[in-house]
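There are 2 protein chains.
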Amino acid sequence: MIDFLKKVKKSKNDLLLLNNAEKNNILEEIAKSLIKNSEDIIKANAKDMANADTNDLSLALKDRLLLNEERIKGMSEAINQISALPDPTNRVLDGFTNNIGLEIHKVSVPIGVIGVIYESRPNVTSDVACLCLKSGNACILKGGKEARFSNEAIIEVIKKTLKQNNINENIISLVPDYSRESVAKLIKMDKFVDLIIPRGGEKLIKYINDNSSVPVIKHDKGLCHVYIDKYADFEKAINISINAKTQRVGVCNALESLLVHQDIAKEILPKLEKAFNEKKTLLKGCEKTRAIIDIDLANDEDFHTEYLDNILSIKVVKNTDEAISHIGAYGSGHSDSIISENINNINKFLSLVDSACVYANASTRFTDGSVFELGAEVGISTSKLHARGPMGINDLTTYKFKIYGNGQIRE
Amino acid sequence: MIDFLKKVKKSKNDLLLLNNAEKNNILEEIAKSLIKNSEDIIKANAKDMANADTNDLSLALKDRLLLNEERIKGMSEAINQISALPDPTNRVLDGFTNNIGLEIHKVSVPIGVIGVIYESRPNVTSDVACLCLKSGNACILKGGKEARFSNEAIIEVIKKTLKQNNINENIISLVPDYSRESVAKLIKMDKFVDLIIPRGGEKLIKYINDNSSVPVIKHDKGLCHVYIDKYADFEKAINISINAKTQRVGVCNALESLLVHQDIAKEILPKLEKAFNEKKTLLKGCEKTRAIIDIDLANDEDFHTEYLDNILSIKVVKNTDEAISHIGAYGSGHSDSIISENINNINKFLSLVDSACVYANASTRFTDGSVFELGAEVGISTSKLHARGPMGINDLTTYKFKIYGNGQIRE
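For the protein sequence lines, the chains are F and V, in the order given. As numbered in this note's numbering, residues 1 to 411 make up the first sequence, in order. As numbered in this note's numbering, residues 1 to 411 make up the second sequence, in order.
Honestly, the hints are just simulated from the structure, not real lab data. Some clues are possibly wrong.
The list makes no distinction among identical chains, and a pair is therefore deemed to hold if it is satisfied within one copy or across any two copies.
[What the hints assert, rightly or not] Result set (DSS-like, lysine-lysine): computed pairs, CA atoms no more than 30 angstroms apart in a straight line:
hint : residue 1 : residue 2
1    : Lys348    : Lys7
2    : Lys6      : Lys160
3    : Lys206    : Lys6
4    : Lys221    : Lys188
5    : Lys145    : Lys288
6    : Lys159    : Lys145
Let the hints inform the model, and build the full structure from the sequences given.
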């Protein structure tokens with residue numbers, strides 16, 4: 001592992017010497033190569049699909065895993081979009097000349113070596129590799145075992161293209177093996193790795209966060225809330241709740257827990273029940289909810305659960321303060337929304353709910369890089385430092401101070 | 001510990017509700033109270049000083065520990081300067097209305113609860129407490145045992161002032177005890193603490209970094225280099241080397257290792273030796289250096305050592321590339337300087353040396369918050385994420401996205 005990491009770390013200076021045109025040229029070559037080699041990639045994917053059958057993976061997981069001509073075309077297009085973004089590095093973020101003539105420039109630079117740990121979808125492999133290349137970072141990818149052959153085929157195409165363009169192929173690497181131990185080792189290698197981005201299950205992320213000596217930006221679960229305030233417009237409240245929960249249930253910005261102000265619960269809960277029944281959503285509620293509509297009981301564990309399914313927990317709360325403190329205790333800092341026409345309650349909610357994205361009168365489903373005009377995203381950060389919420393290419397940079405003097409010494 | 005942390009976490013929302021004028025008012029009251037209670041603080045400090053005698057602390061450490069009227073006045077003035085800074089929170093960093101009318105605002109917000117672990121100088125206690133208050137963060141302070149009575153006296157004055165102004169006193173707290181275990185516990189409390197800032201010895205920082213599940217921004221050692229290029233102006237090279245090494249030897253931005261291009265080594269090393277002899281600097285060199293000037297041998301360990309003393313290691317290098325790779329292997333990512341009149345070598349050095357502050361033709365001693373016009377500083381970050389180099393009050397904030405809708409749902 002150390003020999004492997006030494007090579008990767010060494011490669012990052014080669015990346016620093018490439019200008020934007022050179023990086024874009026390679027990205028476009030990679031986009032073409034993926035199309036050209038789609039047959040090989042699909043063959044490799046078939047092996048993963050066969051294993052998925054043997055291992056009885058769920059239909060949803062198999063769908064995420066599958067690659068075909070159209071999906072490879074999508075991967076290729078995503079790379080061309082990344083190539084079209086402005087170079088996030090070498091931007092002068094701030095700068096001035098001080099009173100003794102020191103020119104102090106704060107300049108954006110790549111972070112260095114980034115390890116990304118993720119699951120299933122093989123398109124993440126090419127997306128992340130190319131986002132890192134564009135932002136000048138060497139990357140170490142650790143995909144899921146279930147996508148092993150697909151990922152290896154994609155990386156082989158990318159590495160071949162790098163070689164053909166005389167670029168150090170170590171700038172984009174898969175971890176040498178798929179054992180759990182390789183993750184355990186990787187996250188202790190702060191001498192060689194500057195950042196770990198884990199995307200995936202709660203347990204994996206907790207394990208990495210608790211054990212990593214490399215800084216971590218978590219892409220953790222989304223336990224998102226909608227709070228329907230006493231002063232809510234009912235039509236907006238119902239539309240937004242339905243949309244946030246049911247438009248796509250398996251995603252991190254989908255609604256999981258609905259909070260309803262007690263003064264309007266009697267009136268709005270039956271309407272909500274009717275609307276959710278049409279979407280076949282399984283509703284679970286607290287005792288106060290069940291005193292109004294006849295649904296299953298939601299226990300404490302329910303309110304801690306990211307269902308990623310067509311299930312919703314409902315809780316009646318006394319006021320905005322209780323909604324805020326419930327979200328503080330049960331939320332995951334991802335996306336939460338208040339439905340209200342009252343500016344004071346909106347301001348309070350938006351200030352005090354400590355989440356990456358806080359909404360007033362809109363669906364939580366909007367949390368993503370394209371809506372926020374950040375371009376392709378690495379994921380949605382639920383960490384609070386460095387990058388929060390949709391994490392775009394700029395968030396893959398840090399800065400350094402370059403100071404130009406003319407012999408100045410400190411008196 | 002958990003009860004203590006729950007109280008601190010709860011207090012952070014009280015802070016969010018204070019506006020800038022209210023925060024400044026409290027800061028000014030604290031500044032006054034420190035002066036008013038200086039007698040009590042000095043009495044408490046005398047206990048620490050007596051223990052320092054018993055424990056045979058070095059003169060330098062005792063000097064850092066000592067408080068007197070003048071130093072307390074300095075602490076008070078520092079707080080008034082913090083109060084005069086613009087509020088770093090609630091700034092709209094970016095924002096736009098998208099094509100379906102969602103108003104997306106990226107707004108600076110406090111990080112939340114910050115734990116700061118530091119040593120000796122009791123003025124750090126009031127500085128950090130007030131920087132956190134100004135930036136809306138609750139803070140947990142863990143000072144050194146050697147400054148225990150001084151820190152407790154300072155915090156008592158601050159807490160009394162908070163109470164008198166009806167502010168939740170838990171926003172500024174000392175850890176309940178001085179055991180090593182309390183640090184071990186604190187750094188595992190990611191449910192309650194959002195950031196740990198360790199300032200101090202290398203071992204302490206490594207321990208915290210390796211074991212913390214809370215994100216860490218290290219304020220680690222400064223193993224700073226000056227590289228004298230083949231194309232250096234000798235007068236600048238000698239002045240800067242002398243200044244960076246000897247103007248103040250016990251600080252993190254002082255020079256520790258001097259690198260000299262082989263083509264000029266014969267000419268410049270005797271001049272450097274003469275200049276450093278006048279400053280009584282103990283010189284140690286690699287074999288190539290010792291073939292030119294008669295000094296002690298610097299072994300591999302020397303090049304890894306932050307002396308914090310009037311000692312300098314010297315190495316002769318082949319070229320700028322070797323200087324860069326030496327700094328990559330031995331440096332601490334703090335501050336490094338090239339002395340050269342050649343723009344290509346300067347650009348290469350400034351691009352490829354991966355340190356927070358990279359200088360051309362200036363002393364490394366300039367790395368601090370006041371020179372960089374950041375105001376009072378929390379320290380010098382040697383981490384690469386979130387904040388790098390001198391860390392001012394803006395770096396104690398993160399951001400959230402506030403999204404204002406009017407019923408928008410995702411199609």
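Hints versus structure:
no.: 1; hint: Lys348 with Lys7; verdict: between (51 angstroms within a copy, 21 angstroms between copies)
no.: 2; hint: Lys6 with Lys160; verdict: within (21 angstroms within a copy, 54 angstroms between copies)
no.: 3; hint: Lys206 with Lys6; verdict: both (27 angstroms within a copy, 21 angstroms between copies)
no.: 4; hint: Lys221 with Lys188; verdict: both (24 angstroms within a copy, 20 angstroms between copies)
no.: 5; hint: Lys145 with Lys288; verdict: neither (45 angstroms within a copy, 52 angstroms between copies)
no.: 6; hint: Lys159 with Lys145; verdict: within (20 angstroms within a copy, 54 angstroms between copies)
In this structure, only the earlier hint numbered 5 is contradicted, and the remaining ones agree with it.
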